[in-house]
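Top to bottom, those sequences are chains F and H. Residue 1 is where the first sequence starts when you use the numbering used here, and the numbers rise one by one after that. Residue 1 is where the second sequence starts when you use the numbering used here, and the numbers rise one by one after that.
Worth double-checking, as some hints may not be accurate.
Which copy? The list can't say, so a pair holds if one copy fits it or any two copies do.
Unchecked claim - Cut-off 25 Å, straight-line C-alpha distance, at most; resulting in silico cross-link-like pairs (DSS-like, lysine-lysine):
hint, residue 1, residue 2
1, K24, K327
2, K133, K243
3, K241, K133
4, K243, K20
5, K132, K20
6, K24, K132
7, K320, K19
8, K252, K20
9, K133, K19
10, K243, K134
11, K20, K320
Rather than coming from a laboratory, the hints here were simulated on the basis of the structure.
Protein chains: 2
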Amino acid sequence: TAAMNKFRNLFDSTRNRIKKQDMKKIFHSIKLGIALVVVSLLYLLNPLYKQVGDNAMWAIMTVIVVFEFYAGATLSKGLNRGLGTIFGGGLGCFAGSFAQDVGGDACASIIGVSVLVFGGIATYLRLIPSIKKKYDYGVMISILTFNLVVVSGMREEKIMALARERLSTIGMGFAVCIFINLLIFPAWASDELHHSTVQSFHNLANSIEGCMEDYFSSADDKKKNKSDASFSSCKATLNTKSKEESLANFAKWEPWHGKFGLNYPWNRYLQIGEVLRELAATVLSIKGCLQSPRQPTSGMREAIKEACEMGGSSIAWALKELGEGIKNMKRCQIEGVIVPKLKLVRQEMSGLITPSKLGVIENGDGLAMASFVFLIMEIL
Amino acid sequence: TAAMNKFRNLFDSTRNRIKKQDMKKIFHSIKLGIALVVVSLLYLLNPLYKQVGDNAMWAIMTVIVVFEFYAGATLSKGLNRGLGTIFGGGLGCFAGSFAQDVGGDACASIIGVSVLVFGGIATYLRLIPSIKKKYDYGVMISILTFNLVVVSGMREEKIMALARERLSTIGMGFAVCIFINLLIFPAWASDELHHSTVQSFHNLANSIEGCMEDYFSSADDKKKNKSDASFSSCKATLNTKSKEESLANFAKWEPWHGKFGLNYPWNRYLQIGEVLRELAATVLSIKGCLQSPRQPTSGMREAIKEACEMGGSSIAWALKELGEGIKNMKRCQIEGVIVPKLKLVRQEMSGLITPSKLGVIENGDGLAMASFVFLIMEIL
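So here's chain F without its partners, still in its complex pose (with noise of 0.2 Å):
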């Protein structure tokens, strides 16, 4: 019953995780159409309109472009818009000015050239790693906004009050972004980064929880289920790189708020994510173990249960200190306590197990546990 209960929490918390997590959604829904309504004012109010005229659309078009979930995501895709329409806008300008200094016929030519050389040279740029994972929507906002300056600039006088205007509305429309997806009830990238994090730790000492579970279990049909459960919980963990690496990207943009200062080093977090899924492939190896046909005797596992579900427990017990440690951001006590505890627990696991087949892969285990360790050591 104790391990139901467990189950049961693990369950609650994570129904009431799903909750919260749809509320976000709707208070997000409810944000973005409060924006809209806001930046349709400037066409529905008369006075407003008379300021800005049809320039009304790009604030729409911008808000529903800029508006993400994450305010990270927003701040930089909205720096991304504002950056890459004054760059394009300024270099369209003065390739649409040169080619009417020309005139005539070869205006039109001059036009097109530049616009196959600009917009080739920027998708290339679009397609480099680096650029594309920062800079991306900034370089095709660019493309874009130089196109239409620099062959509007064929048909329209006022080509840099055209684009003194659009810049702005573009300007009102981010405005309203920031205004209302920073101050209501703002969904920070840094928050959801600290909590998969601190989530992966305690997926992980479950999974191992489960996996000691299982092997030392004598009924069959309970095994079944619960491995099942811990491995994809596991696999989860494993496949959590990308879903990490873009929450840091809109981490990093994000101001300073609640505990994370401003410098708050997000980079660690990728690199305690990396040492996490080679862990959770270990465990997921264990697997094989648990579910190879050739199992040893229940004589065979009763000399090894012991030593095993001591090593499994404490190296449970390590991740979740750990995960306690990085939720409450306090630096824990893993030279003074972890470490050694953990390195007492692997010379009695040698000392009692060296021939017998688990042996080695929870040795595997405790090794990656180490160097896990050691990791965390230099981080904290």
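Given chain F, work out where chain H should sit, using these hints.
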């Protein structure tokens, strides 16, 4: 020197592959440039400009936003944009004309409420994973179009004409994209997915071979380099999930081409990828054994050397064989040749090295391999 040759071959093929990817990127950039010039002609040529007017802007925007690297991505984005525009525009017209029928002061507030409600609901839809995966862009565009149509309905008389003109210019932009992206040196997501799956097979085979060599080679300096290389390729295989999912998503949109039929089973590729990742996790956990401070004596090593090398090389052989089979899209003789051979090798190995150290890991490996082979059997 045989090993060196193999490595040089690997290096050369990698370099060639990078070059090929680079050429594709350059082609893509040039293609986008050409598409932009073609669509800019709507502005640059007087007769065309008289037809479409300032709405030519929408064609340019469509090209820039829709023109993606992979053919499937372009198709899916273009169709999403088209359908989103039609849906959002239709609803916008409906809401706009309803508001105008009511008229007076209520008009503006009806528009405001409809913007809030539609924006909120559509944004919530965008956050649901299954919709986000396939129709994210379409829903976003429908919010955008709805808003623009409904608010400009206040100002413009001929709202239907405006919507029709915009839609037709978006259609022109899309047609240019499709024509240039799909007919001139297309980059198929399907080819990429196919290639990356085959590559994963070979990467894993090479890592396993690298592990074997490392474990049984005596020189310590050689050790470090090679196992690091093989493990990094293993880790690359582990982190392919999100890339493969998006490629499969695009591949599903792609029409019949080359060797792929219309209803090609792309989900199978995802399943294969899943199994390969599990195998990669197992191989990665061998790292623990290689880096462990407690190594077996060289005598013990010699005792298991033959069996392990046989096991490792036959697994690597099987993986390469399967990779080639997928590459050439031929059903390889799994039931007839590969499975019996692996079973034989496993039997021999378990006869030789039950209580030894590496045996267990190798065994887990063989097991993952067996489950893997079974899945492949079901696939081909």
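- Query: From the Cα coordinates, with 25 Å as the cut-off, is the pair K133 and K19 best called within, between, both, or neither?
  - Reply: Close across copies (21 Å), not inside one copy (31 Å); limit 25 Å.
- Query: Is it within a copy, between copies, both, or neither that the alpha carbon of K243 lies no farther than 25 Å from that of K134?
  - Reply: both (15 Å within a copy, 18 Å between copies)
- Since the copies are identical, ignore which copy is meant and state whether K24 and K132 lie within 25 Å (CA to CA) inside a copy, between copies, both or neither. between (28 Å within a copy, 16 Å between copies)
- Classify it for me, K252 with K20: is the Cα-Cα distance of at most 25 Å met within a copy, between copies, both or neither? Answer is within: at 24 Å inside a copy they meet the 25 Å cutoff, but 34 Å across does not.
- For K320 vs K19, is the C-alpha pair at or below 25 Å within one copy, between two copies, both, or neither? Answer is within: at 24 Å inside a copy they meet the 25 Å cutoff, but 46 Å across does not.
- Query: When no copy is named, should K243 and K20 be tagged within, between, both, or neither for a Cα gap of at most 25 Å?
  - Reply: within (19 Å within a copy, 29 Å between copies)
- Homo-oligomer pair classification [K320, K20; C-alpha up to 25 Å]: For K20 and K320, only the intra-copy Cα distance (23 Å) is at most 25 Å; the inter-copy one is 47 Å.
- Query: Taking 25 Å as the upper bound on the Cα-Cα distance, should K241 and K133 be classified as within, between, both, or neither?
  - Reply: both (14 Å within a copy, 18 Å between copies)
- Item | 25 Å Cα threshold - placement of K327 relative to K24 | Within. Shortest intra-copy distance 21 Å satisfies the 25 Å Cα cut-off; inter-copy 45 Å does not.
- Item | Within, between, both or neither: K133, K243 at alpha-carbon 25 Å | both (13 Å within a copy, 14 Å between copies)
- Message: Cα distance capped at 25 Å. Does K132 pair with K20 within a copy, between copies, both, or neither?
- Response: between (32 Å within a copy, 19 Å between copies)
Comparing the model with each numbered hint stated earlier shows that all of them hold.
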